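If you read the protein sequences in the order shown, they are chains D and L.
For what it's worth, this note's numbering labels the leading residue of the first sequence as 1, then goes sequentially.
For what it's worth, this note's numbering labels the leading residue of the second sequence as 1, then goes sequentially.
Treat the hints with care, as some may be off.
[What the hints assert, rightly or not] Rough simulated footprint, nothing fancy, chain L against chain D, three-plus residues with beta-carbon under 8 Å:
#1 10 to 23
#2 45 to 53
#3 151 to 165
#4 332 to 339
[What the hints assert, rightly or not] Calculated cross-link-like contacts (lysine-lysine; reagent style DSBU-like; alpha-carbon spacing at most 30 Å):
#5 L:LYS257 / L:LYS145
#6 L:LYS261 / L:LYS194
#7 D:LYS184 / L:LYS98
#8 D:LYS406 / L:LYS98
#9 L:LYS387 / L:LYS271
#10 D:LYS414 / L:LYS84
#11 D:LYS184 / L:LYS296
Everything labelled a hint here was simulated from the structure, so no lab data went into it.
All values derive from a computational prediction rather than experimental measurement.
All C-beta atoms, glycine included, are put in the ideal place defined by N, C-alpha and C.
Chain by chain, the residues run as shown.
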Amino acid sequence: MAHGPAKGIGRWLFTTNHKDIGTMYLWFSFAMFILGGAFAMIIRAELFQPGMQLVEPAFFNQMTTLHGLVMVFGAIMPSFVGLANWLIPMMIGAPDMALPRMNNWSFWILPPAFLMLAATLFMEGGAPAFGWTFYAPLSTTYAAPSVTFFIFAIHVLGLSSIMGSINIIATVMNMRAPGMSYMKMPLFVWTWLITAFLLVAVMPVLAGAVTMMLMDIHFGTSFFSAAGGGDPVLFQHIFWFFGHPEVYIIILPAFGVVSQIIPAFSRKPLFGYDSMVYATAAIAFLSFIVWAHHMYTVGMPVAGELFFMYATMLIAVPTGVKVFNWISTMWRGALTFETPMLFCIGFLVLFTIGGFTGLMLSIAPADFQYHDSYFVVAHFHYVMVAGAVFSMSAAIYYWLPKWCGKMYNETMGKTHFWISFIGFNITFFPQHFVGLAGMPRRIPDYSLQFADFNMMSSIGAFIYGASQILFLYNVIATIVAGKPVSDEKVWEGAEGLEWTVATPAPYHTFETPPKIDPAHAHS
Amino acid sequence: MLGIIKDRLARLHMAALTLWFGASNSALADGVAGITMDDVNMPRGVTEVGQSIYSLHMLILWICVIIGVIVFGVMFYSIFYHRKSRGVTPAQFHESTKVEIAWTVVPFFILIAMAFPATSTLLEIYDFDDAEMDILVTGYQWKWKYEYLNENGENVSFFSNLATPQSEIYNTAEKNENYLLEVDEPIVIPVDTKVRFLITANDVIHAFWVPELAVKKDAIPGFINETWTLATEEGIYRGQCAELCGKDHGFMPIVVKVVSKEAYGQWLAEKQSEAAEVKQLMTQVFTMDELVERGKGVYNSYCLACHGANGEGGVGPAIAKSAIANGELGTHLDMVVNGSRNNAVMQAFGKQLNDVDLSAVITYQRNAFGNNMGDMVQPIDIFNYKKG
Numbered sequence: 001m002a003h004g005p006a007k008g009i010g011r012w013l014f015t016t017n018h019k020d021i022g023t024m025y026l027w028f029s030f031a032m033f034i035l036g037g038a039f040a041m042i043i044r045a046e047l048f049q050p051g052m053q054l055v056e057p058a059f060f061n062q063m064t065t066l067h068g069l070v071m072v073f074g075a076i077m078p079s080f081v082g083l084a085n086w087l088i089p090m091m092i093g094a095p096d097m098a099l100p101r102m103n104n105w106s107f108w109i110l111p112p113a114f115l116m117l118a119a120t121l122f123m124e125g126g127a128p129a130f131g132w133t134f135y136a137p138l139s140t141t142y143a144a145p146s147v148t149f150f151i152f153a154i155h156v157l158g159l160s161s162i163m164g165s166i167n168i169i170a171t172v173m174n175m176r177a178p179g180m181s182y183m184k185m186p187l188f189v190w191t192w193l194i195t196a197f198l199l200v201a202v203m204p205v206l207a208g209a210v211t212m213m214l215m216d217i218h219f220g221t222s223f224f225s226a227a228g229g230g231d232p233v234l235f236q237h238i239f240w241f242f243g244h245p246e247v248y249i250i251i252l253p254a255f256g257v258v259s260q261i262i263p264a265f266s267r268k269p270l271f272g273y274d275s276m277v278y279a280t281a282a283i284a285f286l287s288f289i290v291w292a293h294h295m296y297t298v299g300m301p302v303a304g305e306l307f308f309m310y311a312t313m314l315i316a317v318p319t320g321v322k323v324f325n326w327i328s329t330m331w332r333g334a335l336t337f338e339t340p341m342l343f344c345i346g347f348l349v350l351f352t353i354g355g356f357t358g359l360m361l362s363i364a365p366a367d368f369q370y371h372d373s374y375f376v377v378a379h380f381h382y383v384m385v386a387g388a389v390f391s392m393s394a395a396i397y398y399w400l401p402k403w404c405g406k407m408y409n410e411t412m413g414k415t416h417f418w419i420s421f422i423g424f425n426i427t428f429f430p431q432h433f434v435g436l437a438g439m440p441r442r443i444p445d446y447s448l449q450f451a452d453f454n455m456m457s458s459i460g461a462f463i464y465g466a467s468q469i470l471f472l473y474n475v476i477a478t479i480v481a482g483k484p485v486s487d488e489k490v491w492e493g494a495e496g497l498e499w500t501v502a503t504p505a506p507y508h509t510f511e512t513p514p515k516i517d518p519a520h521a522h523s
Numbered sequence: 001m002l003g004i005i006k007d008r009l010a011r012l013h014m015a016a017l018t019l020w021f022g023a024s025n026s027a028l029a030d031g032v033a034g035i036t037m038d039d040v041n042m043p044r045g046v047t048e049v050g051q052s053i054y055s056l057h058m059l060i061l062w063i064c065v066i067i068g069v070i071v072f073g074v075m076f077y078s079i080f081y082h083r084k085s086r087g088v089t090p091a092q093f094h095e096s097t098k099v100e101i102a103w104t105v106v107p108f109f110i111l112i113a114m115a116f117p118a119t120s121t122l123l124e125i126y127d128f129d130d131a132e133m134d135i136l137v138t139g140y141q142w143k144w145k146y147e148y149l150n151e152n153g154e155n156v157s158f159f160s161n162l163a164t165p166q167s168e169i170y171n172t173a174e175k176n177e178n179y180l181l182e183v184d185e186p187i188v189i190p191v192d193t194k195v196r197f198l199i200t201a202n203d204v205i206h207a208f209w210v211p212e213l214a215v216k217k218d219a220i221p222g223f224i225n226e227t228w229t230l231a232t233e234e235g236i237y238r239g240q241c242a243e244l245c246g247k248d249h250g251f252m253p254i255v256v257k258v259v260s261k262e263a264y265g266q267w268l269a270e271k272q273s274e275a276a277e278v279k280q281l282m283t284q285v286f287t288m289d290e291l292v293e294r295g296k297g298v299y300n301s302y303c304l305a306c307h308g309a310n311g312e313g314g315v316g317p318a319i320a321k322s323a324i325a326n327g328e329l330g331t332h333l334d335m336v337v338n339g340s341r342n343n344a345v346m347q348a349f350g351k352q353l354n355d356v357d358l359s360a361v362i363t364y365q366r367n368a369f370g371n372n373m374g375d376m377v378q379p380i381d382i383f384n385y386k387k388g
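With these hints in hand, go ahead and build the complete structure from the sequences.
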């Protein structure tokens with residue numbers, strides 16, 4: 001028997017409903033996005049002109065560190081988990097996630113973890129100031145005492161990610177509607193399934209790294225100290241064995257989102273579904289054997305450099321396949337350019353540019369010049385922001401009407417896109433230049449030849465930051481007073497089971513599994 | 001403020017022009033507003049390896065540009081011609097094994113073509129043989145130490161500190177042309193000589209980066225990395241620490257002066273006699289004034305960043321009126337020579353400074369900023385203290 005949500009705060013605290021939990025994840029990640037964005041604004045304000053104006057170098061380092069940590073672990077990852085919660089059961093015709101109580105717990109341990117992380121700002125010695133990559137021994141022997149709280153926060157959010165991924169794996173493997181074979185699953189489900197396996201594989205490695213730090217700091221071990229027989233480079237190997245798959249953990253669900261939305265607004269099925277699945281799997285496999293390309297300058301033997309260079313270059317092949325498939329999907333379609341589609345095209349263009357710089361960075365000898373410069377900063381913001389964040393914006397606009405039964409304001413959505421797109425490029429494109437010309441990353445002040453492009457970058461960042469306020473306003477305005485929609489299929493070209501349920505999506509969906517037409521292709 | 005922004009934007013406009021015309025008309029580019037291709041691209045540098053890296057960089061950049069033009073060209077064609085508003089009916093094709101194979105195999109071959117020059121450049125960089133001289137580079141929070149090894153006569157070693165005054169950093173004085181890229185004492189190397197850098201660190205990981213010498217290598221405490229350069233043009237080349245190493249990561253530049261072999265020989269001889277002189281000074285007894293004067297210079301280079309220009313404190317505790325500087329001499333010596341046991345940021349300066357400088361700076365701290373202990377430390381006291 002269907003029943004609605006509980007009343008009051010208890011609904012959110014005790015809920016086991018995948019839609020409620022998805023909603024909480026999405027709001028939480030948006031709050032973190034604003035917080036991480038505020039840190040970025042402080043960084044760009046200080047870098048607006050040469051010289052120290054607003055903050056001290058020590059605080060600047062805390063800002064770059066927290067900006068990275070909050071954006072990666074607080075904004076991007078939870079946002080895609082939120083999307084998975086909302087969509088995976090609806091896309092595979094399941095009534096809920098396989099492990100609903102664990103689902104509640106996966107979410108509710110996140111806010112305390114980030115509260116603890118943010119609280120380090122007010123501790124003696126300040127917040128972590130060693131970069132989001134927290135290389136030892138800067139993060140161990142030389143760190144402020146707050147590092148212990150940072151370690152605990154990482155443990156807790158790692159736990160949350162692992163539980164979330166187990167849930168997704170269990171759901172996808174066991175709860176697909178009869179007739180939905182693996183090769184009929186929507187691509188978003190596929191990319192999340194593969195992402196979940198990556199998470200289960202590497203989050204424990206991260207937990208191991210921070211545990212070793214904890215031991216070095218408090219219990220007299222020397223994992224990362226040469227003086228005691230350890231090795232600081234060991235830390236980097238462990239970190240990046242987690243860290244490289246981590247970047248695919250961030251981008252694969254984004255690939256999934258784009259693979260749902262481009263066909264919808266091209267009114268044409270996704271081109272090369274099978275090859276998309278294989279390419280995703282190939283990228284996931286390669287992500288485990290390329291980690292040391294983040295460490296070309298640590299002094300590896302030449303054989304190691306060559307192996308990691310060749311393996312890294314190979315990633316261009318499956319990634320290229322994906323881009324070609326998306327463009328072939330658009331080819332001879334009947335395109336319209338609603339906000340979600342605009343964000344997907346923005347994603348395609350900018351992510352591809354990020355891919356190109358990635359290929360450049362893979363070339364070890366050239367990386368000796370690029371490494372740890374602003375060129376790298378530009379590169380990973382092209383893939384993280386224009387990749388993950390743009391696709392997330394696309395996803396919100398695309399599925400919001402289904403979630404709340406109201407249509408967002410299209411003009412405002414398009415304005416949000418154009419301001420974001422322009423602001424983003426003003427911010428990050430010049431960073432390629434200053435990086436190539438020799439500006440190291442993570443510096444609070446710079447020499448005069450970088451002044452012009454840094455000012456430009458800062459102006460762009462303020463524009464990009466402001467456009468996200470417009471986004472927030474548009475989403476709230478839609479939920480509160482948007483134009484009601486009731487069509488099951490909100491978008492003309494939308495395909496998939498989530499578009500067969502009522503709009504807005506009822507609290508419980510697919511209590512009896514839908515029938516999958518065996519002849520019907522994947523969505 | 002608006003004026004500065006306007007000025008910058010005007011120069012950015014020029015930069016755009018430079019980019020546009022840069023490749024074909026570099027004279028124009030050099031002429032306008034001082035923005036050159038060097039401000040937007042990797043420097044070619046003054047080494048053969050640097051040239052190879054630059055060529056590799058440009059090769060891959062152009063391959064990416066060509067692929068980008070094709071891919072985005074197709075996409076924009078589709079965006080303009082395959083739009084619903086033009087009344088098209090969408091095709092329904094959704095797979096083709098042939099094209100899938102094509103766009104898997106073709107990029108693979110492009111990658112192989114890239115891998116050849118990349119591999120040969122990498123092997124070139126990894127050829128450490130036949131270096132004519134070795135310099136041991138040690139990263140410290142937040143300065144570099146250079147030690148010339150395998151020389152006849154005295155070993156030459158010195159620290160290289162940021163020379164930009166705090167007043168420029170905190171905007172009370174006009175910033176000079178080499179703002180943040182200037183040091184009190186640069187490394188000097190001879191031209192046309194293969195110089196090997198042995199790189200390590202004293203505390204955290206740093207990275208030694210001089211773009212125009214095509215050198216970047218991490219400085220890792222407890223391990224020694226190697227890299228080399230062979231500069232073919234005399235000049236001054238500036239770089240920075242490239243690995244986040246704490247508070248003043250942005251303030252530990254590297255300046256390399258490439259000079260003729262003769263000039264290098266002269267410089268080295270001078271440094272060696274200086275070193276001999278310091279050795280001699282060690283045995284000397286100084287007056288209070290001599291120690292305070294020398295100590296002031298040492299303080300400004302080594303202590304000021306944390307303890308403030310007037311000993312008022314900052315990141316580190318105040319020295320003015322402090323219990324240590326106004327207390328027992330043994331405790332003060334221990335703090336400066338061995339560093340703080342509770343706070344790794346206060347380093348053991350016993351290894352970084354010679355005994356003359358140590359005695360001078362301790363004497364200075366005890367007799368400046370309103371501290372008035374009236375006692376002195378002589379180099380021989382430091383020597384004996386270190387011996388235990």
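Checklist entry - Holds or violated: D:LYS406 with L:LYS98, Cα cutoff 30 Å? => result violated, 43 Å
Next on the checklist: Hinted pair, alpha-carbon criterion (30 Å max): D:LYS414, L:LYS84. Please report holds or violated.
Outcome noted: It holds: about 18 Å lies between the C-alpha atoms, which stays within 30 Å.
Checklist entry - Are there three or more residues in the region 332 to 339 of chain D whose C-beta lies within less than 8 Å of some C-beta in chain L? => result Answer holds; 6 residues pass the 8 Å Cβ test.
Item to check | Pairwise hint evaluation, L:LYS98 against D:LYS184, where the allowed Cα distance is 30 Å at most | outcome: holds, 22 Å
Checklist entry - Quick one, are L:LYS257 and L:LYS145 close enough, alpha carbons at most 30 Å? => result holds, 15 Å
Checklist entry - Does the region 151 to 165 of chain D contain three or more residues whose Cβ lies closer than 8 Å to a Cβ of chain L? => result Contact hint for the region 151 to 165 of chain D vs chain L: violated, 0 residues under 8 Å.
Item to check | Pairwise hint evaluation, L:LYS194 against L:LYS261, where the allowed Cα distance is 30 Å at most | outcome: holds, 12 Å
Item to check | 8 Å C-beta test of the region 45 to 53 of chain D against chain L, three or more residues | outcome: Result for this restraint: holds, n = 5.
Checklist entry - Hey, D:LYS184 versus L:LYS296, does the alpha-carbon distance stay inside 30 Å? => result violated, 76 Å
Checklist entry - If you look at each residue in the region 10 to 23 of chain D, do at least three have a Cβ nearer than 8 Å to any Cβ of chain L? => result Check failed, 0 qualifying residues.
Checklist entry - Can the restraint linking L:LYS387 and L:LYS271 be considered satisfied, given a maximum Cα separation of 30 Å? => result holds, 27 Å
Of the numbered hints listed earlier, those contradicted by the structure are 1, 3, 8, 11.
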